[in-house]
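Enquirer: Sequence:
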Amino acid sequence: FQFEAFHSLCHQDPQRSFTLNNSQMSVCARCIGIYGAFFTGVILMPFLVLIKKVKFRYYFRFLIGTIILNFIDVLGNQFDFWTNTNGSRFLLGSLFGLSSAILLSNEFFKKLNTED
Numbered sequence: 001f002q003f004e005a006f007h008s009l010c011h012q013d014p015q016r017s018f019t020l021n022n023s024q025m026s027v028c029a030r031c032i033g034i035y036g037a038f039f040t041g042v043i044l045m046p047f048l049v050l051i052k053k054v055k056f057r058y059y060f061r062f063l064i065g066t067i068i069l070n071f072i073d074v075l076g077n078q079f080d081f082w083t084n085t086n087g088s089r090f091l092l093g094s095l096f097g098l099s100s101a102i103l104l105s106n107e108f109f110k111k112l113n114t115e116d
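Everything in the sequence shown is counted per the working numbering, starting at 1 for the first residue and increasing by one.
Since the hints were derived computationally from the structure, they do not count as laboratory data. Even for Gly, the Cβ is constructed at its ideal location relative to N, Cα and C. Treat the hints with care, as some may be off.
[As the list claims (entries may be wrong)] Okay, the calculated beta carbon distance ranges per label pair:
#: 1; residue 1: PHE3; residue 2: LYS55; range: 37 to 43 angstroms
#: 2; residue 1: PRO46; residue 2: VAL74; range: 30 to 36 angstroms
#: 3; residue 1: PRO14; residue 2: PRO46; range: 35 to 41 angstroms
Based on the sequences and whatever the hints tell you, model everything.
Expert: Below is the structure:
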């Protein structure tokens, strides 16, 4: 049932997915990185007091940078400039997930603090 649940969120290509006990994961390596890092970022955000001092535009630039990196990675692989691996897909997906979580969580906590 996991494959059906994630079917609309991920292409689920077996060659681009991690395996666990010889079973394919429900999402590809990049998506595991995105979802895992997003979850971790949201959970850790209340504890990262240092990050709250950074302005929105820097978080936004970080997010745009990770989108560009993922786009370049996909294009580079597509046009045979290089061959990316599940590890590189996971790493770049994690950067995107973490930057998304930090940006959204930071905005949430800012709004929460201004309502007090």
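Enquirer: Now tell me if each hint is right for this structure.
Expert: Verification of the hints:
{"no.": "1", "hint": "PHE3 / LYS55: 37 to 43 angstroms", "in the structure": "holds, 41 angstroms"}
{"no.": "2", "hint": "PRO46 / VAL74: 30 to 36 angstroms", "in the structure": "holds, 33 angstroms"}
{"no.": "3", "hint": "PRO14 / PRO46: 35 to 41 angstroms", "in the structure": "holds, 37 angstroms"}
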